[in-house]
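Generate the whole structure from the sequences, applying the supplied hints.
Heads up: the sequence lines are chains A and B, in that order.
Residue 144 in numbering that gives the first Met the number 0 sits at position 145 of the first sequence, and the numbers go up by one each step.
Residue 160 in numbering that gives the first Met the number 0 sits at position 161 of the second sequence, and the numbers go up by one each step.
By construction, these hints were calculated from the structure, which means they are not laboratory data.
Every value quoted in this text rests on a predicted model; they were computed, and no experiment measured them.
One or more hints might be untrue.
[Stated by the list, open to error] Taking CB as the label site, the calculated pair distances span: (1) T19(B) to S162(A): 33 to 43 Å; (2) E171(A) to I416(B): 57 to 67 Å; (3) R8(B) to K69(A): 47 to 57 Å; (4) L29(B) to G64(A): 54 to 64 Å; (5) I212(A) to L427(B): 37 to 47 Å; (6) E28(A) to M327(B): 51 to 61 Å; (7) H2(B) to G39(A): 33 to 43 Å; (8) D112(A) to S319(B): 51 to 61 Å.
[What the hints assert, rightly or not] Derived, one-sided and incomplete: chain A residues facing chain B with beta-carbon distance under 8 Å: (9) R47; (10) C50; (11) L53; (12) Y80; (13) D84; (14) A87.
[Claimed, not checked] Taking lysine to any residue and the SDA-like style, the derived pairs with C-alpha atoms no more than 20 Å apart in a straight line are: (15) K48(B) to L380(B); (16) K255(B) to E54(A); (17) K98(A) to A277(B).
Note that beta-carbon positions come from the ideal geometry of N, C-alpha and C, so glycine has one too.
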Amino acid sequence: MTDALVLDNVRKCYGDHEAVKGISFSVKEGEIFGLIGPNGAGKTSTLRMICTLLEPTSGNIQVCGHDNKKESAEVRKIISYLPEDAGAYKELTGRAYLKFMAGFFASGQECEDMVARAIEMSNLKERIDSKVSTYSKGMSRRLLIARAIMASPKLAVMDEITSGLDVMSAFEIRELVKDLASRGVTVLISSHNMFEVESLCDRVGMINHGELILCGTPEELKTRFDAQNLEEVFVKAVKE
Amino acid sequence: MNHLANITRKELKELLTPGTIVSILLVVILFSALGTAMSGESESSAAPKHMGVIYGGDWNETIVSYEHIDPVTHVPVTVDLSMDKLLKSAYLSTYKVSNPSDYIVTLTDDDEKAISEAIHEKDLAAVIKIPADFKTRFDSHQTTNVESYYGYSQGGIFSTVTSAMGKDIKNNINSILSFALMTHENTKTFAAFANSPITTTSHTDINGKMHDDVTPYAIYSALMGQNMIIPIIVMIVIVMVGSVVISSMGSEKENKTLETLLTMPIKRTTIVSGKLLAAAIMGLVYGVCYLAGMMVYSNGITSGISGGSVNLTSLGLAMSTLDWIILMIVLFLAIFSALGICMILGAFTKNYKMAQTMTLPISGLAIIPMFIFMFTSWESLPGIGQVLVFLIPFSHPMMAMNNLMFDNFLLVIGGVIYLLVFDIITILITVKIYNSDILITGIEQTRPIRALKKVFKIKEREHEERGDN
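This is the structure in structure tokens:
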């Protein structure tokens, strides 16, 4: 399996504050990789740099062989990003929102097919024609995830995918992500939910104070820290 | 009561943010500056002005002699009223100056072209032409028609002072002659003449062409609708469209739709252009609709004031199709400027609430020229004022209509070029900001702001430590 994502000594500074301090890791094609860490550790900055929203101060990021800085337009064609607490345009209906977003990737029948696929994935049924402002948090999240994966990206980057959702909605979304990975899409998620990370991710990386302090499969990490679960690993690693 | 005070205190704390306080102070400063500028303009319009006189008769020949009791000495005095004395007395009654002869300019050429030239070259507020047979007509109790000539210059409400002066001079001449007649003649048989020995016919020079039976006041009244309405409409459209764009940016940031949009496979320039173009089209539609509606409304009001007697088309002051097209272009470019500024400001907003405060600079920049053009004109401003007003992009659509009517194309074309340059620069800055991290991280994460915060934190800490000690 080749690497879908490679980060090489990536740094990000805001003024004299170094938020990300030379992070290096790689994610293989079709892998679900979890990025964990306390608040303010540098996770979101890292995800934003991968998605071309922020420019790294130094270091290199490669997405499917494309240099993130020099070929940002190419990278944007093959990635999709779902920010934490992301929303959709509230005055649009779910269908209109998907149509608007699909228009950036395809036109004509291809666009229509993409929207139809997304509607099916969102499972919003007849509510797809209601305004987004009338959706519950779970419905909005399903719509956004459908949007994120409808263009069949090679790399899907998702920040806190199930944050604030009820058990049923969170379960449905995790199933969607698993299905996505089974179709060869590389998924990079960031989450505070250790259960979710443990059950979803093939490998996990932990960031603290802008540095990658751990990287491995959940099993490897549990063995290394002699822990029952990933939450225990998290606590022990942060205290170290 | 405690609960009420508690809630009121909390609400005031939320409402009185530094942004609100700055905006209140700005409004005070703005209106004070405008008041000072207007009072200067008002004082200069009330100051004595030069008046040209053409009289073919003998200036020193006595027109009428009369006797009256001197109000100071209470002694009977005989006055031999000549044309020279009559005009000086009329001027003195109008402006209360000690040396009226300094302001009365004698002209000899009574050709209309020569009068127009004299008005402009000698800076005369008015020229009055008195027929050479004035004394003969006066002696035979025949009313004399005196011709009054004015030059119309764009000066808003202050452009009417010349016709006011002409009217005052005429009234004072009539008063003096009536008084003279009543003191020594039984006016019963010629009461109408004694009441008004002279009448006047007005002529006004517009764009170098003399028009009959019209005064600057009548022209101003006919133009009043657009002079008042256009600046207001432009201000409303600019503030409204600007607010829509900034709020849209605030809303995109608050809902985090912007982050998603920025990761789409499209150029940032396309996002910026799309947002600008949509808002500019909306602004233009608003502008045209408001303009049409308000023009109908203002025509309804001002037709009564001007008496409907002034036909602007016959005075060569109508807007041609080309003029309207140019006006729309200027309006569109000004809206684009507003949107460019708003897109830059919008990049720094964090949420919808902050976006509302961000519209203040745009409102200020639109209100300043609005007040200026409602009461005066660019031509009437001092040099520095002209430069400052020209630099405000929203001034141009406010003054374009008048400039087009009065064939002041240089200022219109200059404005179009300036707006184009301004728009290109704002778009380039906007694209630069949209390509930078600021859009995502906000201004707080930039090096200068972080450095500032650091300095303030250190000072705060020092204060706290001093307080502890």
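> Within 47 to 57 Å or not, the Cβ separation of R8(B) and K69(A)?
Replying inline: 55 Å, holds
Should the hint that E171(A) and I416(B) are 57 to 67 Å apart at their CB atoms be regarded as holding?
59 Å, holds
### Message
Would the hint linking K98(A) and A277(B) be met if the CA-CA limit is 20 Å?
### Response
19 Å, holds
* Taking only the CA atoms, is the gap from K48(B) to L380(B) under or equal to 20 Å? -> 18 Å, holds
Notebook entry, point to check: Should the hint that D112(A) and S319(B) are 51 to 61 Å apart at their CB atoms be regarded as holding?
Noted result: 54 Å, holds
Could you tell me whether the CB distance from E28(A) to M327(B) stays inside 51 to 61 Å? 56 Å, holds
Quiz prompt | Minimum beta-carbon distance criterion (8 Å), Y80(A) to chain B | solution = Holds, because the Cβ-Cβ distance from Y80(A) to chain B comes to roughly 4 Å (cut-off 8 Å).
Given hint C50(A) near chain B, where the shortest CB pair must fall under 8 Å:
5 Å, holds
A87(A) was flagged as interface toward chain B. Is the shortest Cβ-Cβ separation under 8 Å? Holds, because the Cβ-Cβ distance from A87(A) to chain B comes to roughly 7 Å (cut-off 8 Å).
Holds or violated: 33 to 43 Å for the Cβ distance of T19(B) and S162(A)? 34 Å, holds
Taking 37 to 47 Å as the hint, is the beta-carbon distance of I212(A) and L427(B) inside that range? Holds: the Cβ-Cβ distance is about 43 Å, inside 37 to 47 Å.
Report holds or violated for the interface hint on L53(A), using the least CB-CB distance to chain B and a cut-off of 8 Å. With Cβ-Cβ at 5 Å, under 8 Å, it holds.
Of the hints listed earlier, there is not a single one the structure fails to meet.
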